[in-house]
Amino acid sequence: MDIPKGKLRWIYERMVTIRRFEDRVAQEFAAGKLPGFVHLYAGEEAIAVGVCAHLTDRDYITSTHRGHGHCIAKGVDVRSMMAELFGRSTGACKGKGGSMHIADVDKGMLGANGIVGGGPPLACGAGLMAKVKGTDQVAACFFGDGAAEQGTTHEAMNLAAIWKLPVVFVCENNLYAESTPWTYHCAASDIASRAAAYDMPGVLVDGADVFAVYEAAGEAIARARRGEGPSLLECRGFRYYGHFQGDAVTYRTKEEEEEYRRRDPIERFRQTVLSQGLLTEDELNAIDEAVAREIDDAVRYAESSPMPSPEECLTDVYVDYPAAQLAFRH
Amino acid sequence: MVVATRVISYREALNEAIRLEMRRDPTVVIMGEDIAGGAGIGHVENVGAWGGVLGVTKSLVSEFGRQRVLDTPISEAGFIGAAVGAAVTGLRPIAELMFVDFFGVCMDQIFNQGAKLRYMFGGKAKVPLVIRTMIGAGFGAAGQHSGCHYAVFTHMPGLKTVAPATPYDAKGLLIAAIRDDDPVIFFEHKLLYDTTGEVPEGEYVIPLGKADVKREGSDVTVVAIARMVHVALEAAARLAGEGIDVEVIDLRTLSPLDEEAILESLAKTRRLVVVDEDNPRCSVAADIAALAVDKGFDYLDAPVKMVTAPHTPVPFSPSMEQFYIPSPQRVIDAIREVV
Ligand SMILES: Cc1ncc(C[n+]2csc(CCOP(=O)(O)OP(=O)(O)O)c2C)c(N)n1
Ligand SMILES: [Mg+2]
Chain A
1 MDIPKGKLRW IYERMVTIRR FEDRVAQEFA AGKLPGFVHL YAGEEAIAVG VCAHLTDRDY
61 ITSTHRGHGH CIAKGVDVRS MMAELFGRST GACKGKGGSM HIADVDKGML GANGIVGGGP
121 PLACGAGLMA KVKGTDQVAA CFFGDGAAEQ GTTHEAMNLA AIWKLPVVFV CENNLYAEST
181 PWTYHCAASD IASRAAAYDM PGVLVDGADV FAVYEAAGEA IARARRGEGP SLLECRGFRY
241 YGHFQGDAVT YRTKEEEEEY RRRDPIERFR QTVLSQGLLT EDELNAIDEA VAREIDDAVR
301 YAESSPMPSP EECLTDVYVD YPAAQLAFRH
Chain X
1 MVVATRVISY REALNEAIRL EMRRDPTVVI MGEDIAGGAG IGHVENVGAW GGVLGVTKSL
61 VSEFGRQRVL DTPISEAGFI GAAVGAAVTG LRPIAELMFV DFFGVCMDQI FNQGAKLRYM
121 FGGKAKVPLV IRTMIGAGFG AAGQHSGCHY AVFTHMPGLK TVAPATPYDA KGLLIAAIRD
181 DDPVIFFEHK LLYDTTGEVP EGEYVIPLGK ADVKREGSDV TVVAIARMVH VALEAAARLA
241 GEGIDVEVID LRTLSPLDEE AILESLAKTR RLVVVDEDNP RCSVAADIAA LAVDKGFDYL
301 DAPVKMVTAP HTPVPFSPSM EQFYIPSPQR VIDAIREVV
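In the order they appear, the protein sequences are chains A and X.
Counting in the working numbering, the first sequence runs from 1 upward without gaps.
Counting in the working numbering, the second sequence runs from 1 upward without gaps.
Extracted from the complex, chain A is given alone in its bound form:
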């Protein structure tokens, strides 16, 4: 596959940024510095990055509760993300959303989502906008294997198909929905073949191989841009951490975890580009170092940012509304 060198560097830099970001979030969370709870994306980097490599800021994505990786792949500023997780006023959502709602509409990132299956209909809406306005924008919809069982997901795929919307449905099958294995919650032997029910192409991809994801997503996105309608990709992957931080992960075995870590998407990328002479060890290491600095800087930025004022709670509910009616009755 012919991927320009600049794009290869971008792919590596984004994947490493996601990994370092998530590892650092795990640490900060364990230190008790982050309110709420976090779902980490480490291990699944190749999916978000392989797909978003074909998107510009004008394209849209919808995401899930495990949304940090999608944000980073779509170019959301890492400082504003970290500040959001710390609940600071400089956060991407001014501290109102937190991990599960992190978003940046200017970057085409329509939000992590606390509702499983919340994203697919929204992606149809973004696709509809592009179609009505006659632009070549597309919407990529990330959703989990668990979300594949939600009615909204099926309705959205049908809708996108009958209206020929420029939407690419990207199922991140990381084998589990919380503690429930996909082999229990899914009646089909793969999720990709459900595309047949909606008369769209469905492709099963190794989600730990960024080249495979890049290629499959490239075709699906090109098809969408040509106005030929939606596609479904099922990317098989693995989340390294628990469902959320604090999950004891009793449902997976050590052997299973080790097996998947041996297929690490970042390691595999390194090996491929080095063995084919596409990038050098020095180039990769320089990226690693720059990313490490960027993450340190993001944490410093977050920690030194102020908490929102309590009254900030009362803003952003509506565009236009009598302020007195937002405040407490008493």
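Please note: incorrect hints may appear among the correct ones.
[Stated by the list, open to error] In silico DSSO-like pairs for lysine-lysine, Cα to Cα no more than 30 Å straight-line: (1) X:126 to X:116; (2) A:133 to A:164; (3) X:295 to X:268; (4) A:107 to A:164; (5) X:58 to A:254; (6) X:58 to A:33.
These are calculated hints, taken from the structure and not from any lab test.
Go by the hints and put chain X with the ligands onto chain A.
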């Protein structure tokens, strides 16, 4: 008769209620996402992996098996609707809607099916269903995992709604809900799971529709719901030092409403403050204020005050979230305005 009691948590009290009812009645089944966990995985198949996201249904699968403790896909409309159908046809299902904020995904099955079938069928059907669901802010769980929303369900004819504040009430009310022949939405405040209290060992029933006076007082009536009962009690304790004698009524059941208990207390104190963590518009708090001015107008010596969340979603950052949740101080301020 001496009833053995011991101190257990709200979480354990709920678990015990389900366990006892499942032992007593083989038609009681429970279903929900990861309520056992690890379905189909050899080493956890018989014991479960999670026991619910916050552990309320832990180890039930070990005793009752996967035939009666059903992990579901993330398909709330599907499995909650199935619970309605099973209730109409002879089971007593307990379905878990993990967080109440997810009701939007499955509301038709609750509202147009579960709540209305009996009425539309001319009284020929019964829907003995319990939907357990988590409510409440204070967890940093942000806009889609922190609401109360019990007003939405209390508004709907055909549904009963229950929100316990203590381990003792949690157990007795859940048993009552399971035995009840109507659909009951059972709201568990996530910040109460670790709270503890005296709970009898065996089975006992707290009738639905009966409020409980959690503290007797003569100067002002504070009506509160779920975790707000504890907020009201703290406010009452602080005001006691100043000679203000606060009566705290825990509603326990929101529908049906114990109008008598509220009016009786009003006749004594002649003042009312309602404390409700839900949003204020069309809320249970507003409903109780309306009851007071309608049926209790002659008792009232002061305006009725509502202490509620603002008319906003729940914010993430703790600084804003703490502002959102009614505090003892805000309850004290409201009481001071009326006494
Ligand atoms: C409507 C709804 N139901 C349930 C949940 C609780 N929940 C959050 S994540 C999750 C599992 C999602 O699994 P999957 O879609 O496979 O995504 P993954 O976590 O594996 O990335 C569940 C059940 C939710 N947030 N929304
Ligand atoms: Mg999954």
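Now the hints, each set against the structure:
For the hint linking residue 126 (chain X) to residue 116 (chain X), the alpha-carbon distance of about 10 Å falls within 30 Å, and the restraint holds. About 14 Å separates the Cα atoms of residue 133 (chain A) and residue 164 (chain A), which keeps this hinted pair within 30 Å; it holds. Distance restraint check for residue 295 (chain X) and residue 268 (chain X): the Cα-Cα separation of roughly 14 Å lies within the 30 Å cut-off, and the hinted pair is therefore satisfied. Restraint check: the Cα-Cα separation between residue 107 (chain A) and residue 164 (chain A) comes to about 24 Å, which is no more than 30 Å; the hinted pair holds.
Proposed proximity of residue 58 (chain X) and residue 254 (chain A) is supported: the alpha carbons are some 23 Å apart, at most 30 Å. With a CA separation close to 29 Å, the supplied pair residue 58 (chain X) and residue 33 (chain A) stays within the 30 Å bound.
In this structure, every one of the numbered hints holds.
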